[in-house]
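Residues per chain are reported as follows:
Number of protein chains: 2
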Amino acid sequence: MKENLEFIYHIPPRILFGPGSLEKLRNEKLPGKKALIVISAGGSMKKLGYLDRLVDILKSLKIEYVVFDKILPNPIKKHVMEGAQIAREEKCDFVIGLGGGSSIDSAKSIAIMVNNPGDYWDYIIGGTGKGKPIEKPVLPIVAITTTAGTGTEADPWTVITNEETNEKIGFGNQYTFPTLSVVDPELMLSVPPHLTAYQGFDTFFHSVEGFIAKIATPISDLYALKSVELIAKYLPICVKDGKNLLARTYVALANTLAGFVESTSSCTSEHSLEHALSAFHPELPHGAGLIMVSEAYHTFFASKVPEKYIQLAKAMGVDVDSLPAEERPFAFVKAMKKLQEECGVGNLKMSDYGIKEDEIEKLADNAIKTMGGLFEMDPYKLSFEEAVEILRKAYK
Amino acid sequence: MKENLEFIYHIPPRILFGPGSLEKLRNEKLPGKKALIVISAGGSMKKLGYLDRLVDILKSLKIEYVVFDKILPNPIKKHVMEGAQIAREEKCDFVIGLGGGSSIDSAKSIAIMVNNPGDYWDYIIGGTGKGKPIEKPVLPIVAITTTAGTGTEADPWTVITNEETNEKIGFGNQYTFPTLSVVDPELMLSVPPHLTAYQGFDTFFHSVEGFIAKIATPISDLYALKSVELIAKYLPICVKDGKNLLARTYVALANTLAGFVESTSSCTSEHSLEHALSAFHPELPHGAGLIMVSEAYHTFFASKVPEKYIQLAKAMGVDVDSLPAEERPFAFVKAMKKLQEECGVGNLKMSDYGIKEDEIEKLADNAIKTMGGLFEMDPYKLSFEEAVEILRKAYK
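Protein chains in written order, with the numbering used here: chain W, 10 to 405; chain U, 10 to 405.
Just so you know, not all the hints are guaranteed correct.
As the list makes no split between identical chains, a pair holds if one copy fits it or if it spans any two.
As the list claims (entries may be wrong) - Here are the simulated BS3-like cross-link-like pairs (lysine-lysine), alpha carbons at most 25 angstroms apart as the crow flies:
{"hint": "1", "residue 1": "K11", "residue 2": "K323"}
{"hint": "2", "residue 1": "K242", "residue 2": "K323"}
{"hint": "3", "residue 1": "K145", "residue 2": "K38"}
{"hint": "4", "residue 1": "K141", "residue 2": "K38"}
{"hint": "5", "residue 1": "K365", "residue 2": "K33"}
{"hint": "6", "residue 1": "K68", "residue 2": "K79"}
{"hint": "7", "residue 1": "K11", "residue 2": "K33"}
{"hint": "8", "residue 1": "K145", "residue 2": "K42"}
{"hint": "9", "residue 1": "K11", "residue 2": "K249"}
{"hint": "10", "residue 1": "K141", "residue 2": "K249"}
{"hint": "11", "residue 1": "K323", "residue 2": "K141"}
{"hint": "12", "residue 1": "K223", "residue 2": "K33"}
{"hint": "13", "residue 1": "K71", "residue 2": "K145"}
{"hint": "14", "residue 1": "K242", "residue 2": "K11"}
{"hint": "15", "residue 1": "K346", "residue 2": "K55"}
{"hint": "16", "residue 1": "K378", "residue 2": "K313"}
{"hint": "17", "residue 1": "K33", "residue 2": "K323"}
{"hint": "18", "residue 1": "K347", "residue 2": "K55"}
The hints are simulated quantities; they were obtained by calculation from the structure and are not laboratory data.
Let the hints inform the model, and build the full structure from the sequences given.
Okay, here's the thing in structure tokens:
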């Protein structure tokens, strides 16, 4: 494949990276005087003391705040609209997302809707979204991530589910990048093993998909291969020993790099397929859904762009050159399966989350209809039948 | 050396990269209504038709402009002050640097001085600079680079010579990043061989120095090693066959990546030493000065941080593992010398530019006094005597 040497490169967020970086927020100029703090409904930001720490920093900077604490693991449109209304009523002039991807993505979508009229889905491109242009300013966004999964602190994307239509669609533009992001691995030490694995594989697939995507560039490739290397080395350590700060730091770095990949390349149809699964089965964690689809998906694509998969296998530390030529592209799939086993997620089943085999055509159809754009990013154009076949092979 | 995992990452410019990207400026929102266009005194921007092309684009976007065409190859403070006065009188609300590093750096420094009172040297940190804070807004900066050398389109730095005091000092902060940059290798096709080589080695040393610098991070290392790899592969082709667009594109990419290195790591004292040479001998091209210093400099540092130099040699394509252990760190210096020879710059002499051997102590002293900050970035702290010794070894 010829390298793509014509592109627009733009990753504007200022990122405070590393252990202890939350405290460094005290030295920063925040982009407003009153924040809407967006956190999950689960209560962990309060229990872990992270909300108190943030509030203390805001107070020291003489910044007012309101807390909006309703976000679900698969965040929904209703809460975007509610959060925006509160921000409007309370005259907040910026939004802080504190937590995992769901809280930060919601913060981004709320930031869009504070000044823009109508319904969030009026602006969404794809599915039943009306694709209207965003005409009023998006509020500045600060992202403080407590997980290593979505890379949202380093990309413009927000993924929200329309709970009325079962559509889970990614959206964003150059104004939905955070202006300031905090990636403090100390905040990630308490993520439990199974979520660490799900989130880590979300990171992993952002990088893998961004590497095989048609619009990949030599710069996005740098990020993708390093991110894959770091996940392969350090994710199993984080799963087994969550308190290992060095391993957490490298996985956090892999995640930020994967966010860079998403900013400069794209996910592929693997993400569309998963979004269909978790749009209809919101209790399915996104990373788990990706893992379920991954073996069938990447076996298929390894036969289409073998040279890309050989590079991915090398990034995972496989001594590819010692293998027979015909096995080399699939060495990546093997290494990925082994990594999943090491992380305790080698045998996830769709049926355990209530997904039925006879839903598969509906799910493939939903993936193409709501997130067809990502199919255009694939290095080989999947037909509906091939998408169904991948899901069928992935089903257990 | 332990990796540096605590850092602030910030590279905000929107970069239009690749052949034909100048035309893509037509689709962008520029950051103002009236531009000061800063170009060199040499006349090449007019002769090559680049100024006309830019003016045509501005007209199509209904943007007014004034041209300031006095910039010298080693740009001086006097022209910064003059440009700022014109921008003020003409009510320009943004600045476009069109050309090589000298024009873009001047555009940055002019953008600082339009709204800020007093003399440019009032704000400079180092030497006789007064280090005052910049209190008024810096005008937005657009960078259109026609050379691959300084990386200034992708970093916040501007290097200006104070012609009254013979000080050449780099300066910048988060507001002196270009908001928008164009890196169009088609504009680089006409750079003559010797300048292609000088500029390419400037890029090369930004990456090499940024890789050995104390504040290097795993992300700046990605940029640095890729940049070194691309220069080693493609610079000799550009020197021999200037019209080779693919080679020009890869060298332009190396240069943008080196700009990222400068944004996320730092130059080291090699740059301070060269700035002293060209501050006293302004006819010496910066890249040529770096080449003159490089063999002695990197031989010295290869003995201090051998593992870093082994990685650099690998990036240059050297099969380091096949060498005896004691030769490995110096394999980089050998490969660099070979690259210099391939590019026709293997035998540059300080004496050819009027530099006298008995100036060396004065030059080392100037380097430490005016750009001592970069000595702090070295992986080993050079004494004055060691700096003198490096220059003495480099002298011919």
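Hint-by-hint comparison with the structure:
Taking identical chains as interchangeable, the C-alpha atoms of K11 and K323 lie at most 25 angstroms apart whether they share a chain (20 angstroms) or sit on different chains (24 angstroms). Within a single copy, K242 and K323 get their C-alpha atoms as close as 12 angstroms, and across copies as close as 22 angstroms, so both meet the 25 angstroms cut-off. In this homomeric assembly, K145 and K38 come within 25 angstroms of each other (Cα to Cα) both inside a single copy, at 24 angstroms, and across copies, at 16 angstroms. In this assembly of identical chains, K141 and K38 lie within 25 angstroms of each other by CA distance solely across copies; the values are 19 angstroms between and 33 angstroms within a copy.
Within a single copy, K365 and K33 get their C-alpha atoms no closer than 48 angstroms, and across copies no closer than 49 angstroms, so neither meets the 25 angstroms cut-off. In the homo-oligomer, the alpha carbons of K68 and K79 lie at most 25 angstroms apart inside one protomer (23 angstroms), although the nearest pairing across protomers, at 50 angstroms, exceeds that limit. Taking CA atoms no more than 25 angstroms apart as the test, K11 paired with K33 passes between copies only; the shortest distance there is 22 angstroms, against 43 angstroms inside one copy. Taking identical chains as interchangeable, the C-alpha atoms of K145 and K42 lie at most 25 angstroms apart whether they share a chain (20 angstroms) or sit on different chains (21 angstroms).
Within a single copy, K11 and K249 get their C-alpha atoms only as close as 40 angstroms, which misses the 25 angstroms cut-off; across copies the closest is 24 angstroms, which meets it. Neither within a single protomer nor between protomers do K141 and K249 lie at most 25 angstroms apart by alpha-carbon distance, with minima of 46 angstroms and 51 angstroms respectively. For the identical chains of this complex, K323 and K141 are neighbours neither inside a copy (43 angstroms) nor across copies (51 angstroms), given an alpha-carbon limit of 25 angstroms. Proximity of K223 to K33 under the C-alpha cut-off of 25 angstroms is restricted to the inter-copy arrangement: shortest distance 21 angstroms between copies versus 38 angstroms within a copy.
In the homo-oligomer, the alpha carbons of K71 and K145 lie at most 25 angstroms apart only across protomers (23 angstroms), although the nearest pairing inside one protomer, at 27 angstroms, exceeds that limit. Taking identical chains as interchangeable, the C-alpha atoms of K242 and K11 lie at most 25 angstroms apart only when they sit on different chains, with a minimum of 17 angstroms there against 29 angstroms within one chain. Taking identical chains as interchangeable, the C-alpha atoms of K346 and K55 are never at most 25 angstroms apart, the minima being 36 angstroms within one chain and 59 angstroms between chains. In this homomeric assembly, K378 and K313 come within 25 angstroms of each other (Cα to Cα) only inside a single copy, at 24 angstroms, whereas the closest approach across copies is 59 angstroms.
Proximity of K33 and K323 under a CA criterion of 25 angstroms is satisfied in neither setting, with 36 angstroms inside one chain copy and 36 angstroms between copies. Taking CA atoms no more than 25 angstroms apart as the test, K347 paired with K55 passes in neither setting, with 36 angstroms inside one copy and 61 angstroms between copies.
Against the hints set out earlier in the document, violations occur for numbers 5, 10, 11, 15, 17 and 18.
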